[in-house]
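Protein sequence lines correspond, in order, to chains V and P. With positions in the first sequence counted from 1, the corresponding number in the working numbering is that position plus 44. With positions in the second sequence counted from 1, the corresponding number in the working numbering is that position plus 720.
No wet-lab data here; the hints were simulated from the structure. Every residue, glycine too, gets a C-beta built ideally from N, C-alpha and C. Heads up, a few of these hints could be off.
Calculated cross-link-like contacts (lysine-lysine; reagent style BS3-like; alpha-carbon spacing at most 30 Å) [stated by the list, open to error]:
| hint | chain 1 | residue 1 | chain 2 | residue 2 |
| --- | --- | --- | --- | --- |
| 1 | P | Lys957 | V | Lys228 |
| 2 | P | Lys731 | V | Lys280 |
| 3 | V | Lys305 | P | Lys792 |
| 4 | V | Lys256 | P | Lys871 |
| 5 | V | Lys183 | P | Lys870 |
| 6 | V | Lys280 | P | Lys870 |
| 7 | P | Lys886 | V | Lys323 |
| 8 | V | Lys260 | P | Lys729 |
| 9 | V | Lys193 | P | Lys731 |
| 10 | V | Lys305 | P | Lys948 |
| 11 | P | Lys922 | V | Lys180 |
| 12 | V | Lys191 | P | Lys922 |
| 13 | V | Lys323 | P | Lys870 |
| 14 | P | Lys877 | V | Lys283 |
| 15 | P | Lys877 | V | Lys280 |
| 16 | P | Lys729 | V | Lys232 |
| 17 | P | Lys886 | V | Lys232 |
| 18 | V | Lys167 | P | Lys886 |
| 19 | V | Lys321 | P | Lys813 |
| 20 | V | Lys260 | V | Lys191 |
| 21 | V | Lys180 | P | Lys948 |
| 22 | V | Lys234 | P | Lys948 |
| 23 | P | Lys879 | V | Lys260 |
| 24 | V | Lys323 | P | Lys957 |
| 25 | P | Lys871 | V | Lys305 |
| 26 | P | Lys729 | V | Lys283 |
| 27 | P | Lys957 | V | Lys280 |
| 28 | V | Lys280 | P | Lys922 |
| 29 | V | Lys306 | P | Lys957 |
| 30 | P | Lys813 | P | Lys871 |
| 31 | V | Lys283 | V | Lys232 |
| 32 | V | Lys180 | P | Lys957 |
| 33 | V | Lys305 | V | Lys86 |
| 34 | V | Lys232 | P | Lys731 |
| 35 | V | Lys167 | P | Lys724 |
| 36 | P | Lys731 | V | Lys183 |
| 37 | P | Lys729 | V | Lys234 |
The calculated label-pair distances, taken between Cβ atoms and stated as ranges, are [stated by the list, open to error]:
| hint | chain 1 | residue 1 | chain 2 | residue 2 | range |
| --- | --- | --- | --- | --- | --- |
| 38 | P | Asp810 | V | Pro265 | 25 to 35 Å |
| 39 | P | Ile920 | V | Glu211 | 37 to 47 Å |
| 40 | V | Lys193 | P | Asn769 | 22 to 32 Å |
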Amino acid sequence: MIEIIKSGLYSTIQDLGRFGYENYGVPISGSMDQLSSVLSNKLLGNNDNDAVMEITMTGPILKFLEETKICITGADISPSINDNSIDINRVYQINKGDVLKFGKLKYGLRSYLSVSGGFLAGKIMNSRSMHSSITKSNKIINGENLKIKNLKNIITKRTIIKVNYLEHFKNNIIEVFKGPEFDKLTTKQKQVLLNKTFTISNNNDRMAYQLKESFKNQLDPIITSLVMQGTVQLTKSGKIIILMRDSQTCGGYPRILQLSKKSINKLSQKHMGNRIKFKLIDL
Amino acid sequence: MKLKSYNLKYKRFGESSILVEWPSIIHESILENILLFKSEIENKYLNNNIYLKNSYNSLLITYEENINPKSKISELKNIYIKIGSTQKKDFNKWEIPVCYDIELGHDLNYLEKSLSIKKEEIVSLHSSKDYRVYNIGFLPGFLYLGGLDKKIHHPRKEKPVLNVPKGAVGIGGSQTGIYPNNSPGGWYIIGNSPINLFNINKTSPCFIKPGDKVKFSPISLKEHELIKIQVESNIYKPVKTQIND
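Chain V with its partners taken away, still in its complex shape (with noise of 0.2 Å):
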């Protein structure tokens, strides 16, 4: 068991998302930034769709109810257990009354904690992943204790790996896929949306990342159609959407362009005011 002192901004339990139930309306879900949670989950000996924390820009403060081992990996929150700081990409040893702390954000925006063998966060559909239209609450609480599996016998390296994916946080750029809609946009258009940067508006979430310039549009709603993680529409007064993890699963605005895999990863790293550039990878 873990006991949550205090929960942080946004801190949240996810595994790989939850697949097979998207044509009753039910979002997918999952961490946002799967390469570090699945790094997470690895470095640790757990299995790559084990639950693990997601923690937003101000990290919880966690009590260890029983001995474990864990790993933190993702953006670096300054994390320290007893007040005494520790690596992200690293497994530790916790003992029983060890407190987890985190304190200033050095770079990226969401960390991802395993334990050993995963949280066990109530599985329904197949999936722990915490979605308020499916689960009690869609963030840890103050005060809660959540339980872990903690399983003993998991083979782990107690070594840094070197995991040189600073990259991953630093790269502005955003590969994407033409959307459905992609050929609707005039020549100029195309040009503007490719050519230009634009920047993370204070509006983004799990569900979406909305950026902050404009975009001249002509295009029309569709009928209600189906999106996707990763795909990013153009609303009627030219705003660009990006759907994220938590995306409904269908729209009626134009889908312009799809992120690749790998950009949605990267793009749960950046916050507001981060600078992001489109590149089109199916040319």
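Given the structure of chain V, go ahead and fit chain P onto it with the hints provided.
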């Protein structure tokens, strides 16, 4: 039986998905064609991990791995060619009890004035039609229904209401629907259904499927309470008939 075959567009959508598009009109025969294609693909891939979802005029096929779009598209085209000879799918028609009492349909008075149609007439127009389920989305268990009588089309509220209760039956533009859970919403509320449209504990969380039909049957406040208790104690069974047209 030879079925109408449409000129479909196949588009790559990201690394792992193919989007199949039908003509951009809302029509029941297009929906049936989409659902036939969908079930043929499901039969073909049975235990493989592919995920399908449909809307009014498209079908999205998502594979677990990255795909070669050209070869997947030709595979899909081959499946589509063959569906002309398959039997049409059977659908169910569901009777959904709705209480149109003003206590639960609190926007009825407003609509009466705004549409210049008597409340009783609005209720009778709303409850005499069969609605086709085109799609489930927006919220888990939210049905996109087609077939609302033109006389009771009404624009949405300018400002969405924050707390529309579970079961609320509303009118928004040319659409009508039931809120499967408490949620914000901008539709005018004309009644409430006591039944559960979405149950997270079932392997198939919605008993209604795209392609099915829905008919609203008016009930009193007392019946609403009674059915609600039956639903909560898991003994309520919605009334259905098979349609085979």
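Going down the list of hints, with the structure as the test:
1. P:Lys957 / V:Lys228: Roughly 47 Å between the alpha carbons, so the hint for Lys957 (chain P) and Lys228 (chain V) is violated.
2. P:Lys731 / V:Lys280: Since the Cα atoms of Lys731 (chain P) and Lys280 (chain V) sit roughly 23 Å apart, the hinted pair holds (cutoff 30 Å).
3. V:Lys305 / P:Lys792: 19 Å, holds
4. V:Lys256 / P:Lys871: 41 Å, violated
5. V:Lys183 / P:Lys870: Not OK: Lys183 (chain V) and Lys870 (chain P) at ~43 Å, beyond 30 Å, violated.
6. V:Lys280 / P:Lys870: 25 Å, holds
7. P:Lys886 / V:Lys323: 43 Å, violated
8. V:Lys260 / P:Lys729: 27 Å, holds
9. V:Lys193 / P:Lys731: 43 Å, violated
10. V:Lys305 / P:Lys948: Roughly 44 Å separates the two Cα atoms, so the pair is violated.
11. P:Lys922 / V:Lys180: Satisfied, since the Cα-Cα distance of roughly 17 Å is no more than 30 Å.
12. V:Lys191 / P:Lys922: Holds. Lys191 (chain V) to Lys922 (chain P) sits at ~24 Å (cutoff 30 Å).
13. V:Lys323 / P:Lys870: 45 Å, violated
14. P:Lys877 / V:Lys283: This hinted pair holds, its Cα atoms lying about 22 Å apart.
15. P:Lys877 / V:Lys280: 19 Å, holds
16. P:Lys729 / V:Lys232: Given that 30 Å is the threshold and the Cα spacing comes to 25 Å, the pair holds.
17. P:Lys886 / V:Lys232: 46 Å, violated
18. V:Lys167 / P:Lys886: 24 Å, holds
19. V:Lys321 / P:Lys813: 49 Å, violated
20. V:Lys260 / V:Lys191: 50 Å, violated
21. V:Lys180 / P:Lys948: 22 Å, holds
22. V:Lys234 / P:Lys948: Not satisfied, since the Cα-Cα distance of roughly 53 Å exceeds 30 Å.
23. P:Lys879 / V:Lys260: 26 Å, holds
24. V:Lys323 / P:Lys957: 53 Å, violated
25. P:Lys871 / V:Lys305: 46 Å, violated
26. P:Lys729 / V:Lys283: Answer holds: Lys729 (chain P) to Lys283 (chain V) is near 27 Å, not above 30 Å.
27. P:Lys957 / V:Lys280: 43 Å, violated
28. V:Lys280 / P:Lys922: The hint is violated at about 38 Å.
29. V:Lys306 / P:Lys957: 46 Å, violated
30. P:Lys813 / P:Lys871: 24 Å, holds
31. V:Lys283 / V:Lys232: 17 Å, holds
32. V:Lys180 / P:Lys957: Satisfied, since the Cα-Cα distance of roughly 26 Å is no more than 30 Å.
33. V:Lys305 / V:Lys86: 19 Å, holds
34. V:Lys232 / P:Lys731: Given pair Lys232 (chain V), Lys731 (chain P) holds - Cα atoms ~23 Å apart, limit 30 Å.
35. V:Lys167 / P:Lys724: 43 Å, violated
36. P:Lys731 / V:Lys183: 36 Å, violated
37. P:Lys729 / V:Lys234: 22 Å, holds
38. P:Asp810 / V:Pro265: 25 to 35 Å: For Asp810 (chain P) and Pro265 (chain V) the Cβ distance comes to about 33 Å; the hint holds.
39. P:Ile920 / V:Glu211: 37 to 47 Å: 40 Å, holds
40. V:Lys193 / P:Asn769: 22 to 32 Å: Since Lys193 (chain V) and Asn769 (chain P) have Cβ atoms about 24 Å apart, the given range 22 to 32 Å holds.
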